[in-house]
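With the hints as a guide, bring both chains together as one complex.
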Amino acid sequence: MKYGLYPGCSYRGTAREFGESIDATCSALNLDVKELEDWVCCGASSAHNTSHLLATVLPLHTLISAREAGFEKLLAPCIACAWRLKTAIKEIETDEKLRMKAEKVIGKKYEGGIDVFNIVEFFTKEIKLEKIKKAVKKPLKDLRVVCYYGCMLTRPPKIANFDVVEDPRSLDNIMKILGAESLDWPYKTECCGVSFALSRTDVVIKLCHDLLEEIKKLEVDMVVVACPLCQTNLDTRQKEIEKKYNTKYGIPIVYFTQLMGLALGKTPEDVGLKRLTVNPFPVLKKKGIL
Amino acid sequence: MREIAKIDTTFAEQIKNECGENVYSCYQCKKCTLGCPTAYAMRYKPHQLIEAIQLGQKDLVLKDQSIWLCLSCQTCMARCPQNLDFVKVADAARIIAQREGFKIPVPEIAAFNSSFLSLVERFGRIYEIGLVMLIKLKTKQIMKDMAMGLPLFFKGKFSFLPHKVENISAVRRIFRNTKELEQK
Numbered sequence: 105m106k107y108g109l110y111p112g113c114s115y116r117g118t119a120r121e122f123g124e125s126i127d128a129t130c131s132a133l134n135l136d137v138k139e140l141e142d143w144v145c146c147g148a149s150s151a152h153n154t155s156h157l158l159a160t161v162l163p164l165h166t167l168i169s170a171r172e173a174g175f176e177k178l179l180a181p182c183i184a185c186a187w188r189l190k191t192a193i194k195e196i197e198t199d200e201k202l203r204m205k206a207e208k209v210i211g212k213k214y215e216g217g218i219d220v221f222n223i224v225e226f227f228t229k230e231i232k233l234e235k236i237k238k239a240v241k242k243p244l245k246d247l248r249v250v251c252y253y254g255c256m257l258t259r260p261p262k263i264a265n266f267d268v269v270e271d272p273r274s275l276d277n278i279m280k281i282l283g284a285e286s287l288d289w290p291y292k293t294e295c296c297g298v299s300f301a302l303s304r305t306d307v308v309i310k311l312c313h314d315l316l317e318e319i320k321k322l323e324v325d326m327v328v329v330a331c332p333l334c335q336t337n338l339d340t341r342q343k344e345i346e347k348k349y350n351t352k353y354g355i356p357i358v359y360f361t362q363l364m365g366l367a368l369g370k371t372p373e374d375v376g377l378k379r380l381t382v383n384p385f386p387v388l389k390k391k392g393i394l
Numbered sequence: 002m003r004e005i006a007k008i009d010t011t012f013a014e015q016i017k018n019e020c021g022e023n024v025y026s027c028y029q030c031k032k033c034t035l036g037c038p039t040a041y042a043m044r045y046k047p048h049q050l051i052e053a054i055q056l057g058q059k060d061l062v063l064k065d066q067s068i069w070l071c072l073s074c075q076t077c078m079a080r081c082p083q084n085l086d087f088v089k090v091a092d093a094a095r096i097i098a099q100r101e102g103f104k105i106p107v108p109e110i111a112a113f114n115s116s117f118l119s120l121v122e123r124f125g126r127i128y129e130i131g132l133v134m135l136i137k138l139k140t141k142q143i144m145k146d147m148a149m150g151l152p153l154f155f156k157g158k159f160s161f162l163p164h165k166v167e168n169i170s171a172v173r174r175i176f177r178n179t180k181e182l183e184q185k
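As they're listed, the protein sequences go chains G and H. Going by our numbering, the first residue of the first sequence is number 105, and it counts up by one from there. Going by our numbering, the first residue of the second sequence is number 2, and it counts up by one from there.
Derived from the structure by calculation, the hints contain no laboratory data. Careful: at least some of the hints might be erroneous.
What the hints assert, rightly or not - In silico SDA-like links for lysine to any residue, alpha-carbon gap of 20 Å or less: (1) G:K378 <-> H:F154; (2) G:K213 <-> H:F176; (3) G:K245 <-> G:K212; (4) H:K104 <-> H:K141; (5) H:K137 <-> G:I309; (6) G:K212 <-> H:K137.
One chain only, chain H, in its complex shape (with noise of 0.2 Å):
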């Protein structure tokens, strides 16, 4: 008799442990693939993306840059008959992709997460110039959004300068603790 492949459940539980969400519950019903308005652009769809995790194909998961195409509407989990939450999910594929090394496929998405959480760290709040700027120096697309920014500019929308929360060292506190605490 033909001997039964063995699943690899190793990635299944990591996300579990992540996040709390058991991919195993899923039976490939694909509605959440078909709400998600990103689904068009990625290679491996949600429901895809769930069973390679069922299967435990982590580096499929890790290295593609379906994941990062999630806009976190929440579309999927909201119509999930099984009351899986993707969006947790692939928070948590993603969250274990940085943490592990990763490189992450989509460069403008990870240039936006560390600009805003820089920005957060320094001054308590997002400083909208310094972010569009920083994204621009770390995507190196200088003149992309002009078009856009300059109006917002003359409509008084844009302050020069950031506004620091007063006790931003109770913020940068916070920063530390969290990686300290995390890399335990």
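Okay, chain G solo, but in the shape it has when bound (with noise of 0.2 Å):
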């Protein structure tokens, strides 16, 4: 037991090929993941609009039910919980008065000693590329992708402490060593509208049709995403999006793990392939990789 896995709320929901996909990757590789038993949802965007405490609580229970269960090394692949978490133990251990504040509200002291990775920065930094590497069973040959890494992934960047703010290659790493191509282009971290999902759709759609326009001059076969928003956003509204602006797209936007997982000899059906909007079945199976 080595690393425990903080799921977060879209794991087994709305982003249900992203757990499989990870689930599918770990088991690859032989990696030792587990569940943390009986997790808290980390409040997500509403906590942190709502009440400062309650936003810092919340991740807090997590990690201290981790720690309990005798693990050092937290996965959180969504990456807004591993936002949340992190900035739970940056601001806990910087500030006394609110971690006297947070422990009175869980009755239980913080001890501190745990490490929380989002989902790429796991790949990159814990696992390392190499060992992956090895592990390719079938190379992404032919396949040309575009790396989109949204807000969270490197930012805050005190708090993310994780690749260059502005102009990220963690994920163009991974693609390129499983063999794809992947295009560099000027709006990698821009923002799809996240938590205006359902509240704001107008944003989301407005944002989400500037980032597909981009991608679409540079004519990829698909993008490569590694946030569960960013995923659903560019993926479930993109036909809403076509009929909006009177266009077409028809791009697959597929998580990291999903073409990791296929890379490394896992089916579609372990991937979760099927459950994206967007088909991406007859662009894989052009480029010879299903």
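Following this line, the structure appears as structure tokens:
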């Protein structure tokens, strides 16, 4: 039992294929990952909009339970969860008053000694690319992709402490060792509209349209993402955006772990490929990957 | 000689107490606004909101929809030459607005936040169908997002029943204790 997994609310819900592909990838690499028992939601964007203390204690509860379960390393695949967990650690360790209040709310002491990884950080910093490269069974030959990092993978820089803030390369590096061609572009860290998905859909439609317009120019086979919100916004809203702007994209938005799973010899079922709204099968068949 | 107007610093101090950020470090370079993905929809742009706080214009900041349109994407703070964290300032302003009973001018966002947290308090996790239904009821937009929701449902991405954490009393205690401590 080496790595604890904090799946977050979307892992078996709207980002189910993300969860399935992470499970498949970790099993292909023989990684010892175990889900945290009885984990609680991090509060996501709603808690920090409502109460600073609540936004701190919800992740802190998880961090304390992870330590109690004997984990020192915690994988939080959802980029927003990872941000909230890392923020809680930073704030608790630097703000004595907040720490005292938070411990009073939870009724337990926070002892520290736990590292949180987002999913890209986990594979590139902890597992390392050489290990993944050695395990590739089916290279993603001739696949032209563009990596979309979104906003929270590298931000805020002091909390994320990962990759180059304005010009990250970690996802591109993963794609390259899997054999794909990964293109550079200027919009890689622009925002997709994140949590406005259900509340201010107009904003999401506008921002995703701007992104898809830029992506269209690159003539790529698919977009590679690492965040459940980026994926959902760009994939499930794509038809609506096409209708509103009277255009056509049809660009599959695929989790990097789905492509990684395929390259490591897993089946399309294993990585939940059929759950994507924009169908990725035709292009993957054309390229001889499926 | 003309008397120099005094600036009311009370609101800026209140923001600082809430989140630790000093808005007076801002010298209006506008980098935050230039990178902001939702500035186009805001009446007052991020740099203007900071200026308004510097000047003590509390009502202007808390009654307007602009602070509610911040996505917390953190582009502004990552680029700020003064290391001022606008996301924290926006969070603080939103928290103060709610605490002091200001009406949230973007009801959809208020509905999303209250629905989200009530589900976490009840189940310990998010119940996605429940979240969608609650928002629909609160905003009275029943048909919105049906075109997106149905395919997700058929792809097995929505579960019918909520997943409740076993130790739900610990979660409820967290919510209760937080409220009690904040009211003190």
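Hint-by-hint comparison with the structure:
1. G:K378 <-> H:F154: Status holds; Cα separation ~13 Å.
2. G:K213 <-> H:F176: 18 Å, holds
3. G:K245 <-> G:K212: Between K245 (chain G) and K212 (chain G) the Cα gap is close to 52 Å, so the pair fails against 20 Å, i.e. violated.
4. H:K104 <-> H:K141: 18 Å, holds
5. H:K137 <-> G:I309: Cα-Cα ~19 Å, so holds.
6. G:K212 <-> H:K137: Violated, at roughly 38 Å.
Of the numbered hints given earlier, the model fails hints 3, 6; all others are met.
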